[in-house]
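Asks: Read off the chains here:
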Amino acid sequence: MSFINYSSREINCKIVYYGPGLCGKTTNLQYIYNKTNPETKGKLISLSTETDRTLFFDFLPLSLGEIRGFKTRFHLYTVPGQVFYDASRKLILKGVDGVVFVADSQVERMEANMESLENLRVNLAEQGYDLNKIPEVVQYNKRDLPNAVTLEEMRKVLNPRNVPEYQAVAPTGVGVFDTLKAVAKLVLTELRKGS
Amino acid sequence: MASQLVMYEEEFTKINAVCDRLTKDANAKVVFLVDKNGQLISAAGQTQNIDTTSLASLTAGNVAAMGGLAKLIGEAEFPMQFHQGNQLSLLSAIVGSRVVLVVIFDNRTSQGLVQLRVKKASAELHTIFETLIKKTDGPGSGSPFAEISDDDIDNLFSE
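Residue numbers (this note's numbering), protein chains in the order written: chain B, 5 to 199; chain Z, 59 to 217.
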């Protein structure tokens, strides 16, 4: 849930990148961090294991500029994708304003994608949110790999709600900013409704 | 799902005053007030060399993780946490189950004094937040963004 400060004229929103293990959530944040101006970003915090797997979350604060005199700030979080970190994933969804579901396009990860999407639905519901209503963007990552599933097939199982969707190759940045912009827009539009 | 946190000038000034006073009364280095979702609300004391945004996010992560642990053993939450370091120590207290008060201090003061002052400040902050929540939920408190247009949103992303 966003935080509006009339005194300092700031608005802060929280976006969570969700998806199965090794789908590229952290890579999305790393690319955004590397490609944004130093004055618009804060530190990228990664709470990860010694083998660079996300243990708790990654965090990147970004300033997008002003809207009607209010500074807009987005706090980007990733969750740990590995199945056994479910307790941590639930915590990170607290107060979320928008979700990016990062799917792994490789055919052998389709089951993990579906499992993770269902897990997102359940964990959001536990926090009182409905995946059918919350601002959401789907990113089909790893489109450059030879074993990538067709877009039609992925769409059918991972985007039944027909939310904005993007193809991506996160390490090279393809689709990364398109995804971020789309989710930020959805969050701001939702805010306009006064949710 | 809790409602959106909205901060108004009047309450913001009061909150800052409580944090300033706590810094002096507890002889602390820094005092932070953080929303449980990781948003920084107020900071007082020697904040110059501290990354306040990261501190707020990590505080929320820590409180959330400890809250999860508490529930596993049958506690509602751990309202107060103390972490002792070589030079600096950190004490955090949950205020009104909504925000977290964080005090960073060195050996010029003691844990006991900090804890005592935190209790007093927590009570004051609790009252301020009660007022704030009533104000936010009250009539005429629609979204300040109701007036924004698609163009306003698009302009944010124009390069």
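Treat the hints with caution; some may be incorrect.
To be verified - When the alpha-carbon atoms are kept at most 25 Å apart in a straight line, the in silico DSS-like pairs for lysine-lysine are as follows:
(1) 137(B) <-> 177(Z)
(2) 193(Z) <-> 178(Z)
(3) 87(Z) <-> 72(Z)
(4) 72(Z) <-> 197(B)
(5) 185(B) <-> 137(B)
(6) 39(B) <-> 137(B)
(7) 177(Z) <-> 192(Z)
(8) 75(B) <-> 47(B)
(9) 137(B) <-> 45(B)
(10) 197(B) <-> 129(Z)
(11) 47(B) <-> 72(Z)
(12) 94(B) <-> 177(Z)
(13) 193(Z) <-> 75(B)
(14) 137(B) <-> 47(B)
(15) 193(Z) <-> 47(B)
(16) 94(B) <-> 47(B)
(17) 39(B) <-> 75(B)
(18) 72(Z) <-> 94(B)
(19) 160(B) <-> 75(B)
(20) 87(Z) <-> 75(B)
(21) 94(Z) <-> 45(B)
(22) 192(Z) <-> 129(Z)
(23) 39(B) <-> 189(B)
(24) 197(B) <-> 94(Z)
(25) 178(Z) <-> 75(B)
To be verified - What the simulated footprint calls covered on chain B by chain Z, stretch by stretch (three residues with Cβ under 8 Å from a Cβ of chain Z suffice, anywhere in the stretch; the number is not a length):
(26) 42-50
(27) 62-69
No wet-lab data here; the hints were simulated from the structure.
Ideal placement from N, C-alpha and C gives every residue a C-beta, glycine not left out.
Asks: With reference to the structure, classify each hint as holding or not holding.
Replies: How the hints compare with the structure:
Using a Cα cut-off of 25 Å, the hinted pair residue 137(B) and residue 177(Z) is violated, with the two alpha carbons roughly 40 Å apart. Distance hint between residue 193(Z) and residue 178(Z) is fulfilled; the C-alpha atoms sit about 24 Å from each other, no more than 25 Å. Taking the CA atoms of residue 87(Z) and residue 72(Z), the gap is near 20 Å; set against the 25 Å cutoff, the hint holds. Distance hint between residue 72(Z) and residue 197(B) is unfulfilled; the C-alpha atoms sit about 29 Å from each other, more than 25 Å.
Only pairs whose Cα atoms come within 25 Å are accepted, and residue 185(B) paired with residue 137(B) is accepted, the gap being roughly 19 Å. For the proposed pair residue 39(B) and residue 137(B), the alpha carbon gap of about 31 Å is over 25 Å, so the pair is violated. Our distance criterion of 25 Å between C-alpha atoms is met by residue 177(Z) and residue 192(Z), whose separation comes to about 23 Å. Among the hinted pairs, residue 75(B) with residue 47(B) is consistent with the structure: their alpha-carbon atoms are about 18 Å apart, no more than 25 Å.
For the proposed pair residue 137(B) and residue 45(B), the alpha carbon gap of about 29 Å is over 25 Å, so the pair is violated. Distance check on the hinted pair: residue 197(B) and residue 129(Z) sit about 35 Å apart at the alpha-carbon level, beyond 25 Å; violated. Distance check on the hinted pair: residue 47(B) and residue 72(Z) sit about 30 Å apart at the alpha-carbon level, beyond 25 Å; violated. Between residue 94(B) and residue 177(Z) the alpha-carbon distance is near 30 Å, which puts this suggested pair outside the 25 Å criterion.
Proximity of residue 193(Z) to residue 75(B) is assessed by CA-CA distance (about 22 Å); at most 25 Å being required, the pair is judged to hold. Between residue 137(B) and residue 47(B), the direct Cα distance comes to roughly 31 Å. Violation of the 25 Å bound is thereby established for this hinted pair. Between the alpha carbons of residue 193(Z) and residue 47(B) the distance comes to roughly 34 Å, so the proposed pair goes past 25 Å and is violated. For the hint linking residue 94(B) to residue 47(B), the alpha-carbon distance of about 23 Å falls within 25 Å, and the restraint holds.
Annotation: proposed proximity of residue 39(B) to residue 75(B) holds, straight-line Cα distance about 20 Å (limit 25 Å). Restraint check for residue 72(Z) and residue 94(B): not satisfied, since their Cα atoms lie roughly 33 Å apart, outside the 25 Å limit. Distance hint between residue 160(B) and residue 75(B) is unfulfilled; the C-alpha atoms sit about 38 Å from each other, more than 25 Å. A C-alpha spacing of about 28 Å is found between residue 87(Z) and residue 75(B), which places the hinted pair above 25 Å, so the restraint is violated.
Annotation: proposed proximity of residue 94(Z) to residue 45(B) holds, straight-line Cα distance about 22 Å (limit 25 Å). The suggested pairing of residue 192(Z) with residue 129(Z) is violated, with an alpha-carbon distance near 29 Å, which exceeds 25 Å. Restraint check for residue 39(B) and residue 189(B): satisfied, since their Cα atoms lie roughly 20 Å apart, inside the 25 Å limit. The hinted pair formed by residue 197(B) and residue 94(Z) meets the criterion: a straight-line CA distance of about 24 Å does not exceed 25 Å.
A hinted pair counts as satisfied when its Cα atoms are at most 25 Å apart, and residue 178(Z) with residue 75(B) does not qualify at roughly 33 Å. Only residues whose beta carbon comes within less than 8 Å of a beta carbon in chain Z count, and the region 42-50 of chain B has 3; three or more means the coverage holds. Counting residues of the region 62-69 of chain B whose beta carbon lies closer than 8 Å to any beta carbon of chain Z gives 4, which meets the minimum of three for the stated coverage.
Comparing the model with each earlier hint shows violations of hints 1, 4, 6, 9, 10, 11, 12, 14, 15, 18, 19, 20, 22, 25; every other hint is respected.
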